[in-house]
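For reference, the chains in residue letters:
Protein chains: 2
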Amino acid sequence: MRGVIMYGHGDVRVEDRERPSLVKPTDAILRVTASCICGSDLWPYRGIEKQAGPTPMGHEYVGVVEEVGSDVRTVKPGDFVVGSFFASDNTCEICASGYQTHCVQREAAASTGAQSEYLRVPLADGTLVATPGVPDDDLVPSLLAASDVLGTGWFAAVAAEAGPGKTVAVVGDGAVGLLGILAARQLGAERVIAMSRHADRQDLAREFGATDIVEERGDEGVARIKELTDGLGAHSTIEAVGTQESMLQAIRATRAGGHVGYVGVTHDVSLPGMELFFSGVHLHGGPAPVRRFLPDLIDLIWRREIDPGKVFDLTLPLDRAAEGYTAMDERRAIKVLLTPPTAG
Amino acid sequence: MRGVIMYGHGDVRVEDRERPSLVKPTDAILRVTASCICGSDLWPYRGIEKQAGPTPMGHEYVGVVEEVGSDVRTVKPGDFVVGSFFASDNTCEICASGYQTHCVQREAAASTGAQSEYLRVPLADGTLVATPGVPDDDLVPSLLAASDVLGTGWFAAVAAEAGPGKTVAVVGDGAVGLLGILAARQLGAERVIAMSRHADRQDLAREFGATDIVEERGDEGVARIKELTDGLGAHSTIEAVGTQESMLQAIRATRAGGHVGYVGVTHDVSLPGMELFFSGVHLHGGPAPVRRFLPDLIDLIWRREIDPGKVFDLTLPLDRAAEGYTAMDERRAIKVLLTPPTAG
Chain G
1 MRGVIMYGHG DVRVEDRERP SLVKPTDAIL RVTASCICGS DLWPYRGIEK
51 QAGPTPMGHE YVGVVEEVGS DVRTVKPGDF VVGSFFASDN TCEICASGYQ
101 THCVQREAAA STGAQSEYLR VPLADGTLVA TPGVPDDDLV PSLLAASDVL
151 GTGWFAAVAA EAGPGKTVAV VGDGAVGLLG ILAARQLGAE RVIAMSRHAD
201 RQDLAREFGA TDIVEERGDE GVARIKELTD GLGAHSTIEA VGTQESMLQA
251 IRATRAGGHV GYVGVTHDVS LPGMELFFSG VHLHGGPAPV RRFLPDLIDL
301 IWRREIDPGK VFDLTLPLDR AAEGYTAMDE RRAIKVLLTP PTAG
Chain U
1 MRGVIMYGHG DVRVEDRERP SLVKPTDAIL RVTASCICGS DLWPYRGIEK
51 QAGPTPMGHE YVGVVEEVGS DVRTVKPGDF VVGSFFASDN TCEICASGYQ
101 THCVQREAAA STGAQSEYLR VPLADGTLVA TPGVPDDDLV PSLLAASDVL
151 GTGWFAAVAA EAGPGKTVAV VGDGAVGLLG ILAARQLGAE RVIAMSRHAD
201 RQDLAREFGA TDIVEERGDE GVARIKELTD GLGAHSTIEA VGTQESMLQA
251 IRATRAGGHV GYVGVTHDVS LPGMELFFSG VHLHGGPAPV RRFLPDLIDL
301 IWRREIDPGK VFDLTLPLDR AAEGYTAMDE RRAIKVLLTP PTAG
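Protein chains in written order, with full-length UniProt numbering: chain G, 1 to 344; chain U, 1 to 344.
Honestly, the hints are just simulated from the structure, not real lab data.
Among the clues, some could well be false.
Claimed, not checked - Chain U is nowhere near these chain G residues, computed Cβ spacing over 12 Å in every case:
| id | residue |
| --- | --- |
| 1 | Gly47 |
| 2 | Val64 |
| 3 | Gln100 |
| 4 | Asp137 |
| 5 | Asp203 |
| 6 | Asp296 |
| 7 | Leu314 |
Stated by the list, open to error - Residues on chain U that point at chain G, a partial pick, calculated with CB under 8 Å:
| id | residue |
| --- | --- |
| 8 | Pro25 |
| 9 | Gln51 |
| 10 | Val64 |
| 11 | Ser97 |
| 12 | Ser111 |
| 13 | Arg255 |
The C-beta atom is built at its ideal place from N, Cα and C for all residues, glycine as well.
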């Protein structure tokens with residue numbers, strides 16, 4: 001089969017690889033319908049995150065179950081499924097509390113690489129959620145978004161306690177931030193302030209429900225948020241970047257007693273204790289327990305109430321994945337969908 | 001009047017000072033019945049926190065209203081009152097949300113020094129809460145505790161979401177940590193694990209409701225908490241120290257999705273982003289909005305349902321305050337109550 005391998009800084013290749021097969025009786029093999037490139041895939045692409053060697057890429061996927069292990073009960077061959085980037089049993093105490101990304105049995109859901117034709121998913125019963133049927137083609141991008149970028153934006157909005165009567169600020173106008181806007185509005189937020197300086201992303205932010213746009217960043221951005229909120233700051237702030245500047249921007253933009261939901265992977269971040277202490281904010285985030293939200297997200301998509309697939313502004317056949325990495329790296333694309341030759 | 005002045009590292013003196021008088025129409029003057037020495041008073045005493053010059057000390061107080069400004073409506077001369085260390089209007093949007101320590105009008109409640117015979121309290125209507133009558137003498141220590149150390153431990157327990165079915169770990173066996181134990185049990189926590197290696201504090205911890213004691217610290221302490229919680233960590237952790245080690249101990253002792261309530265003033269703390277991200281915990285804390293809890297705490301004390309005054313294991317006349325600082329600095333006393341000559 002064809003699959004994407006990262007060789008190192010700027011070196012992404014699509015190669016012939018061995019098709020994954022069942023390893024444990026709890027595994028499933030999927031024929032991948034669509035996968036995509038994640039902002040976090042750019043960390044090794046940019047050489048910021050080192051890899052041990054050539055690595056299969058991709059952790060976002062939708063597909064059709066091809067084969068299941070003998071212990072798998074809840075999905076069967078032919079089912080169209082969505083899964084998260086972490087495999088989880090969905091039965092342990094941590095999963096039961098809604099933190100499937102920290103499942104006591106958790107492991108990478110896509111270690112064989114989702115940017116490929118076939119994928120092995122461990123703990124299939126806990127990890128995969130079947131859709132009500134085979135989706136119409138136009139629903140596929142949105143279902144794929146649910147597998148990570150929508151689920152992550154949704155978690156950020158929940159962690160930030162976005163809801164009725166709340167003003168929500170969103171730091172980061174990548175796919176996760178944009179879908180955080182959509183999530184905040186779905187959760188009932190009254191006002192959503194998108195922090196973005198790119199016209200195309202501002203447009204999508206508005207389409208997803210942003211009521212205000214702030215172009216300033218850092219302390220100037222914080223000052224603008226304060227101006228828009230009677231000097232108090234947002235009730236809820238979504239942080240979807242993961243840098244020192246963006247984390248402090250999020251904390252400073254939030255009123256005392258407010259909530260910061262952070263989902264940008266916090267490379268090289270170090271939070272100053274005294275500032276955090278005197279901010280009085282709630283801080284919650286981390287790798288999003290997407291599995292918690294999947295049933296509801298699939299339902300919203302299936303009923304066409306939300307269209308998160310709009311974040312994919314470039315679709316490429318899998319064999320042209322390297323072009324997709326370049327486009328995202330150069331910020332020419334918000335998010336790139338990849339279609340394997342066997343899809344459909 | 002007599003009052004405590006800190007001159008610098010290890011130099012605390014009780015001096016004749018000018019009695020404070022009303023400055024604004026929203027002020028009240030209290031005749032102080034009792035005040036005490038706070039763990040945070042030890043920061044300048046130890047020379048770790050620099051002061052601009054000689055400073056009146058003390059921010060915890062109960063007393064009798066002596067005089068009020070022309071705008072004061074809710075307390076009157078003769079009332080016995082408890083107040084918090086921050087003055088707040090208790091009407092702004094931030095106060096209304098329960099974060100009075102971040103009130104838009106906040107200022108220090110005891111800038112004239114509570115370790116003295118008389119005290120000026122700004123924003124008296126918002127800051128002070130009158131008790132149902134003049135308290136019996138044995139209630140005074142508990143009411144004094146409500147003014148900071150109980151209110152702070154209570155906030156930590158609330159921030160940590162202590163409650164029914166929860167296992168709560170408590171890092172720090174000072175007065176705040178000990179009263180965090182009391183608060184966690186009052187809030188319904190099933191199990192409270194006190195981290196303490198001092199026999200006298202362990203005894204008080206048990207008296208306040210601790211079900212388990214862990215003597216180990218740091219990573220060993222975390223390992224013991226995990227052992228006691230099926231390998232998962234506590235649901236809720238109260239952090240009442242404020243050092244880098246204690247903050248990391250609290251975060252690591254908490255399960256993913258759990259809550260850390262931190263109230264130790266985080267001097268020299270710097271939280272590593274990646275560890276916080278992958279911990280999956282909720283983090284909330286800061287200067288406790290004691291005012292939020294005062295009516296309920298006064299009620300519990302008045303009905304003799306709780307006896308937080310037990311944290312005072314040394315009572316001294318105000319003129320011997322320096323001995324009290326030494327006793328707390330050397331950990332010979334948990335918390336020292338000071339009685340002005342005019343009290344009673």
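Hint check results:
no.: 1; hint: Gly47; verdict: 18 Å, holds
no.: 2; hint: Val64; verdict: 32 Å, holds
no.: 3; hint: Gln100; verdict: 10 Å, violated
no.: 4; hint: Asp137; verdict: 36 Å, holds
no.: 5; hint: Asp203; verdict: 30 Å, holds
no.: 6; hint: Asp296; verdict: 18 Å, holds
no.: 7; hint: Leu314; verdict: 28 Å, holds
no.: 8; hint: Pro25; verdict: 24 Å, violated
no.: 9; hint: Gln51; verdict: 17 Å, violated
no.: 10; hint: Val64; verdict: 32 Å, violated
no.: 11; hint: Ser97; verdict: 5 Å, holds
no.: 12; hint: Ser111; verdict: 18 Å, violated
no.: 13; hint: Arg255; verdict: 7 Å, holds
Of the numbered hints listed earlier, those contradicted by the structure are 3, 8, 9, 10 and 12.
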